[in-house]
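Number of protein chains: 2
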Amino acid sequence: MIIDGKKIAREINAKTRQQVAALKAHQLTPGIAVIVVGDDPASQIYTRTKHRLAQKLGIASTRYHFPADVDQATVLQQVRKLNRDDSVDAILVQAPLPAQLNGEEIVNAIDPAKDADGLHPLNLGRLYAKQGGHYPVACTPRGIMTLLKQYQVPLAGANVVIVGRSLLVGKPLLALLNNQNATVTFVGRHTKKRATLTRQADILIVAAGVPGLVKAGDVKAGAVVIDVGINRLPSGKLVGDVDFAGVASLARLITPVPGGVGPLTVAMLMRQTVELAEWRRERVASLVG
Amino acid sequence: MIIDGKKIAREINAKTRQQVAALKAHQLTPGIAVIVVGDDPASQIYTRTKHRLAQKLGIASTRYHFPADVDQATVLQQVRKLNRDDSVDAILVQAPLPAQLNGEEIVNAIDPAKDADGLHPLNLGRLYAKQGGHYPVACTPRGIMTLLKQYQVPLAGANVVIVGRSLLVGKPLLALLNNQNATVTFVGRHTKKRATLTRQADILIVAAGVPGLVKAGDVKAGAVVIDVGINRLPSGKLVGDVDFAGVASLARLITPVPGGVGPLTVAMLMRQTVELAEWRRERVASLVG
Numbered sequence: 001m002i003i004d005g006k007k008i009a010r011e012i013n014a015k016t017r018q019q020v021a022a023l024k025a026h027q028l029t030p031g032i033a034v035i036v037v038g039d040d041p042a043s044q045i046y047t048r049t050k051h052r053l054a055q056k057l058g059i060a061s062t063r064y065h066f067p068a069d070v071d072q073a074t075v076l077q078q079v080r081k082l083n084r085d086d087s088v089d090a091i092l093v094q095a096p097l098p099a100q101l102n103g104e105e106i107v108n109a110i111d112p113a114k115d116a117d118g119l120h121p122l123n124l125g126r127l128y129a130k131q132g133g134h135y136p137v138a139c140t141p142r143g144i145m146t147l148l149k150q151y152q153v154p155l156a157g158a159n160v161v162i163v164g165r166s167l168l169v170g171k172p173l174l175a176l177l178n179n180q181n182a183t184v185t186f187v188g189r190h191t192k193k194r195a196t197l198t199r200q201a202d203i204l205i206v207a208a209g210v211p212g213l214v215k216a217g218d219v220k221a222g223a224v225v226i227d228v229g230i231n232r233l234p235s236g237k238l239v240g241d242v243d244f245a246g247v248a249s250l251a252r253l254i255t256p257v258p259g260g261v262g263p264l265t266v267a268m269l270m271r272q273t274v275e276l277a278e279w280r281r282e283r284v285a286s287l288v289g
Numbered sequence: 001m002i003i004d005g006k007k008i009a010r011e012i013n014a015k016t017r018q019q020v021a022a023l024k025a026h027q028l029t030p031g032i033a034v035i036v037v038g039d040d041p042a043s044q045i046y047t048r049t050k051h052r053l054a055q056k057l058g059i060a061s062t063r064y065h066f067p068a069d070v071d072q073a074t075v076l077q078q079v080r081k082l083n084r085d086d087s088v089d090a091i092l093v094q095a096p097l098p099a100q101l102n103g104e105e106i107v108n109a110i111d112p113a114k115d116a117d118g119l120h121p122l123n124l125g126r127l128y129a130k131q132g133g134h135y136p137v138a139c140t141p142r143g144i145m146t147l148l149k150q151y152q153v154p155l156a157g158a159n160v161v162i163v164g165r166s167l168l169v170g171k172p173l174l175a176l177l178n179n180q181n182a183t184v185t186f187v188g189r190h191t192k193k194r195a196t197l198t199r200q201a202d203i204l205i206v207a208a209g210v211p212g213l214v215k216a217g218d219v220k221a222g223a224v225v226i227d228v229g230i231n232r233l234p235s236g237k238l239v240g241d242v243d244f245a246g247v248a249s250l251a252r253l254i255t256p257v258p259g260g261v262g263p264l265t266v267a268m269l270m271r272q273t274v275e276l277a278e279w280r281r282e283r284v285a286s287l288v289g
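Protein sequences appear in the order of chains G and C. With UniProt numbering, letter number 106 in the first sequence gets 106, and the count goes up by one each step, no holes. With UniProt numbering, letter number 117 in the second sequence gets 117, and the count goes up by one each step, no holes.
Keep in mind that the hints were calculated from the coordinates and are not lab data. Source: prediction; values computed, not measured. Since no wrong hints were added, every one of them can be taken at face value.
Given that identical chains are not distinguished, each listed pair holds provided it fits within a single copy or across any two copies.
Computed cross-link-like contacts, BS3-like style, restricted to lysine-lysine with a CA-CA straight-line distance of at most 27 Å:
1. K56 <-> K81
2. K215 <-> K192
3. K193 <-> K130
4. K149 <-> K7
5. K220 <-> K192
6. K130 <-> K192
7. K149 <-> K193
8. K149 <-> K192
9. K215 <-> K193
10. K7 <-> K237
11. K130 <-> K149
12. K220 <-> K193
13. K149 <-> K15
Model the full structure from these sequences, guided by the hints.
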């Protein structure tokens, strides 16, 4: 059975549009600001997709585009300006950044209450500690959790293997799944006997950025397979990290690429922007009285 | 081969004593403040051990003891007072806290730069994100990493299984080991086929608080076994989570209980207190000029 990411994304977007309308009825328009550096073609596509969806849903979207040779101080200054800007609820710094920039310092400078990607260490730590209260969480992992829930995949006690340990996907996902009492194994480049581990997985999540990394022999029959990879082949074709043709017949559930995890990431970013706006409003209300 | 935690702890403490002396030569005495609530017998022992070692090493140690029925505001007020107290470099809130207290709110109130246990979400997030710079890390996991290093246990590519997912031990340890490119599986109460997983471990770390949980049949021959459990049997005897008699002959390296991980935890707490004092001093120096 092939997971329909587009359908779930449409449902989320419909709900987000309602939430935006409800906020606008109170003279409040949620706003997202995206900082992009340089002219990476993939970044251009991603930020354009985000901008279009924001507009479609009624979210104010602004883009700050800097040349590839911009210096650290200029980007930090922009982040701090956006922190202070009351019309901005969510700030996103589009990866990748050129080598001369210190991405860590830039992420740390974002107001944690406006952290669209959930990558500020304070938010990551709250998630990892399974703290209560409101805080943002990385959008691709949130999308994957939504998708697993929609398809009623049991998480408690499930053996989960995550291939790929990035800050944007693998790490928040490990925290989210562990918080649901899944048993998680975190697999990376250095892992020995990778196939032995992946073949034990009830749920296999692949976010390595390597086309065709996971093949039929790496997957247990009846597993749920989530493919986070988006790789463009020389032919122009988009493929994931999983050999879809080989694995699809074996898996109980599998995400296609494109049309699986991708649409959920952008949908969750918009939902999170609206949530950040709502949480900020609640905080202001509680401070005022 | 049995790991000698006491010996490594002595070496660390000797170094800490030198660091303290060096700071005192600059009229700076590192200070730790411990908040204890109620009369839990184990907490009494732990805080007394910490206090004695601090005194022995020349660290100023103060203890704030509150009755078991203290309210949240009183504890928070004490934390904030210690945050502002320039003679205090490290603040520790001794677990467990009584049920009426919100431990999360208390930990979040600690100045991250004085977070003796490394449990503030900002510090946990920086560790999990593998950020650079100075920040405190939970002391038991730091102790375990020191011990693995001392005994030259290779971490990159090693298959590590951590049994027990606590905030104080399991979670920071997963981050530390993952940051060294170990392949980590995180095992808890809900895990199915626990023995299958633990038998694959090159390094098996048990921090579950269940006496004798791990037996010979759960361990691969030649594994490194780290026992974090400290359980007092009805007879009064202290035992770990690992059946030492059964597992010792099988393991390549194993920690005893007591005398394994325990002494390292307190030693690392003292070292970290001194580091926090040094980092704070460096920060002040860089702000001043």
